[in-house]
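A.B. asks: Using the sequences and the hints, build the whole thing.
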Amino acid sequence: MEISDDQIIERTLAGDTDAFSLLVRRWERPIYGLSLRMLGRDEDARDVCQETFLAAFRNLRKFRGDAKFSSWLYRIALNACHSKLRKQNGAVERSIDQEDQDGRKFELADAEAEQMPDRMHLDQRAALVRKALQALPAEMRQVIVMKEYEELTFAEISEILDIPVSTVKSRLYTGLQQMRGRLEKVRAAL
Amino acid sequence: MKNRNEMNSQSAQAAQSSCDRKEELVAYLYDEATTTERESFETHLKECDPCSAELNAFGRVRDELNTWQVGFAPRTEWVSPRGKMEVLRELIGLFPVWARSLAMAGAAAAAILLSMSVIGTHINVNQGNFSVNFGKADAAEKNSNVAVAGPSQQQIESLVSNAVAAEREKIQQDYQTQFASFKHQLDTEHKARLQAVSAEQQARLEATKASLRQEIKKSNLQRGSIRSFFAMEDDRQDPWSDVK
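As you go down the protein sequences, you meet chains A and B in turn. Letter 155 of the first sequence, counting from 1, is numbered 155 in the numbering used here, and no numbers are missing. Count along the second sequence from 1, add 1000, and you get the number used in the numbering used here.
Each hint should be verified, as a subset may be incorrect.
[Said to hold, decoys possible] DEER-style ranges, computed between Cβ atoms:
id, chain 1, residue 1, chain 2, residue 2, range
1, A, D47, B, I1119, 55 to 63 Å
2, B, R1060, A, H82, 24 to 32 Å
3, A, E43, B, N1056, 34 to 42 Å
4, B, R1062, A, E43, 23 to 31 Å
What the hints contain is simulated information worked out from the structure, not anything from laboratory work. Each residue gets a CB set at the ideal place from its N, CA and C atoms; glycine is no exception.
C.D. replies: Structural data, given as structure tokens:
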């Protein structure tokens, strides 16, 4: 039987600090995925991942059992993402027509564009999505990431962000609408 | 392609002006609606084209979103940060045993002094008399049959300065005694060493002299022999004197 998060926390607080590595192994993938989709850069996502677990370890005594550990961890990770985004000073608010952070311009050859739905390679489509997602305001992006990729329920997202479920739904709706608009705009341009 | 895009765009505009059931639409889209909500919304969808179009469009957006998959997550390097006590313990471990013992003795002395001050211990030193009272000053004075007047600040200072002076004098005397003893010891050792070296040199000199005398004697003997040999030669007749 798999040991629960709460049991690992109890062991860690009792002095078995190595037990915390079990939580790291269990949650590093979702936290990395969330950070990567929020920030768009592997390096930043790794930093946030590290910061999240370190902050969680240091503040473990403050963790109250009334919320799920994962929710608490997601909240720490999102705060770290927002902090990084603030440091980037609005770099995320760029158009999908602009260069990406590595200086590469996303474009397809005209000949290929005619047959885009069939021929477009999956990673190119993924790059398009990444750019469109990053161009969204952070408050909508985080809801889409948590719902679509982390498969959290509306209630869980509401708990993590400390907002009503109705607000979660409304942000998700607006986010999807904007994503739709951006993706269609790119398709039309191609 | 363009026609399709235009159609999509038109349908998007139409959808954006749809009725105000967006929360229900989202709940239905992500399969989080209750049975009643789902049935109600499905009925609505049959009548509302914009909502239906928007639902389909959002489905496509979701398909697009899912093209971005994270294949792997790099392993987070995790080493549990050490607590302050752990770091302190390691730091103490770096010191040699004697230093740790000294620190512990100091800590123990400080603890004793602290506890003495807490329980109100009074130590009186007056003209060779020494007394220790435990407990609060008032209680000690009340319970004591002999009234012990506490020394004044001046007396304490005088006592302390006398004690310090006496101690200093004692240390100086000890130092001088030790210094004299050490000097005497050094002088004795030095003299003995000098005598030994001198005797050794004298013996070596005598031996050299004796050896030289022996050599001279031997040389004289050899010289005498040579001289007598040549004297014989002079006396002998020249065997070649007749030969011409």
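A.B. asks: Now tell me, hint by hint, if it's right for this structure.
C.D. replies: Taking the hints in turn, this is what the structure says about them:
{"no.": "1", "hint": "D47/A to I1119/B: 55 to 63 Å", "in the structure": "56 Å, holds"}
{"no.": "2", "hint": "R1060/B to H82/A: 24 to 32 Å", "in the structure": "29 Å, holds"}
{"no.": "3", "hint": "E43/A to N1056/B: 34 to 42 Å", "in the structure": "38 Å, holds"}
{"no.": "4", "hint": "R1062/B to E43/A: 23 to 31 Å", "in the structure": "28 Å, holds"}
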